[in-house]
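> The primary structure of each chain is shown beneath.
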Amino acid sequence: MRFVTVSGPPAVGKTAVIIKTLEHLQREGRKVGVVKFDCLATEDDALYRKQGIAVRKGLAGALCPDHYFVSNVEECVQWGLAEGLDVLVSESAGLCNRCSPHIREVLAVCVIDNLSGTDAPRKIGPMLKAADVVVITKGDIVSQAEREVFAARVRMVNPKAAIMHVNGITGQGSFELGTLWRGTTETATVEGLRLRFSMPAALCSYCLGETRIGADYQMGNVRKMDLELPTGAKTDGGPGAATDREDRT
Amino acid sequence: MSVQFAGMTVEAVLGRWPFVEQFLAERGLAGVLDEPQADLEAVLPEQALIDLGAFVAEMEAFLGAGSQEVRELTIRGGRAKDGSPEPLAELTVRVGEVICIVGPTGSGKSRLLGDIEWVARGDTPTGRHVLINGEVPGDEWRFGSGPRLVAQLSQNMNFVMDLSVREFLTLHAESRQASEPAEKIERIWSWANELAGEPFAMDTPVTSLSGGQSRALMIADTAVLSASPVVLIDEIENAGIDRRQALDILVRQEKIVLMATHDPILALMGDRRVVIAGGAMQKVIEPSAQERANLDELKALDARLMELRRRLRAGERLDVI
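So the protein sequences, as listed, match chains U and X. Counted the way our numbering counts, the first sequence spans residues 1 to 249. Counted the way our numbering counts, the second sequence spans residues 1 to 321.
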């Protein structure tokens, strides 16, 4: 079974791109399926089912969606194999741009749109940086210049990826994307494989349901911003509190 | 593919590849910039050097340095939607030509464009083959970091960036690492103004340009700054832009212009037109002398309609036309 992880910020058109691309593979007689990961609610499973695509959905609810993804991905692969799928796609939104669901040795696709602003590629982080294929959507409504500038910015962040332009409404470019999906290597299990980028550290009092604000309620993995407050101002950061810094790979 | 920096100072590397500055900044290595005379290989960690070498090579490819010149495209026919062989077995188009594509909605115009953009090798639903300069092209047009084969312009496209005309063109020129950017920016702006008729200033925000001004700027910008050798145009609105001159500008910049249109004036402005139906290229029509003569009449008709539109706007009655 070919397994593809698709990620991207919310509302860029991941589901539309996946449906259009899988349509071509279905037409060639392949059995295709999707596992849709989301946070609180999704109706996209109905869209997939309508297209004759086998689908399972997972809602992370109170858990960090990326932790939820990685804890379930092997079971999803086994589901796909049991269903006899030729191609299985996992779809997950990069909700805070901090992480990526991409796994080494599994084709990694990141979907972003031309409307998200020229700084977006730099802000998106590992989801984009660690992708093998970057799909850029909504190119039909912006100028050629903006498409070129945007693609150049993507290139700065990820020089190695294949950049593809796909229109989620007309499907333009989706056939071509499908050739990469059906041509990727077989996956029988993801057991023992590694994520391309580590998940965010968690485990503080807020992870456990705390809702009150203030130093007295903060325990565990807590980090304070360095706001350079004037002396005498009330701060929550104790002597040992780490200051904010950018995460680097 | 990688670039070596043996013996180059930080300053020399930046002079040759200005985009290296952003790379260093993103890696938190901007401190290197404080020592312009230092040997780059001595001041950068080994892994960063390897990554930078690969990055510079990719960027050079992306910017089209050394990319092949496209003189002509050949489309070898495949099959129609019903599986029968494509009636037009071969079509070759050369730089400087304007080819119109005509056919009803759903006839396969988009797929034809898709085949060109993907440089089909019999591996798309139509089974077509696309050759560049008579040869089967390599993968670089599909996945390479260089320019795409096709730039696109359509009536649905708008500027979305919150920038002035000058800022916008500067950003595009920078992303292409264009040589002599100031001259190019001036040229785009003055051409766009000629096309639009209704002048606009360099400090006008691009989002507040009129439809005709936007299209004029997009065309002049694509002609001068886009590295794609083929330009696909999906109609050009009839109002607020000199369409003949727009095509001339693109042709002068050695582009192959493909234009999907149902407008008789535009269609007759093309050098040839390809008729598409049932997912296949049916035939090529070269405008006859009679058709060319009719173009003048169509333009006169068009001018009359425009005049009526002007009178309507001015609050006049149209009792006498």
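Derived by calculation from the structure, the hints in this document are not laboratory data. Heads up, a few of these hints could be off.
[Said to hold, decoys possible] Per label pair, the in silico range of CB-to-CB distance:
| # | chain 1 | residue 1 | chain 2 | residue 2 | range |
| --- | --- | --- | --- | --- | --- |
| 1 | U | E74 | X | P87 | 32 to 40 Å |
| 2 | X | E180 | U | A188 | 53 to 61 Å |
| 3 | X | M202 | U | M219 | 52 to 60 Å |
| 4 | U | R194 | X | A227 | 34 to 42 Å |
| 5 | U | R122 | X | I50 | 18 to 26 Å |
Even glycine gets a Cβ: it sits at the ideal position worked out from N, Cα and C.
> If a hint holds in the structure, say so; if it doesn't, say that too.
Outcome of the hint check:
Checked against the hint of 32 to 40 Å, the C-beta distance between E74 of chain U and P87 of chain X comes to roughly 52 Å, which is inconsistent with it. Distance hint for E180 of chain X and A188 of chain U: a CB-CB separation of about 56 Å, consistent with the stated range 53 to 61 Å. Against the hinted window of 52 to 60 Å, the Cβ-Cβ separation of M202 of chain X and M219 of chain U comes to about 57 Å, which satisfies the hint. For the pair R194 of chain U and A227 of chain X, the beta carbons lie near 38 Å from each other, so the given range of 34 to 42 Å is met.
For the pair R122 of chain U and I50 of chain X, the beta carbons lie near 22 Å from each other, so the given range of 18 to 26 Å is met.
Going through the hint list in order, the structure does not satisfy hint 1, though it satisfies all others.
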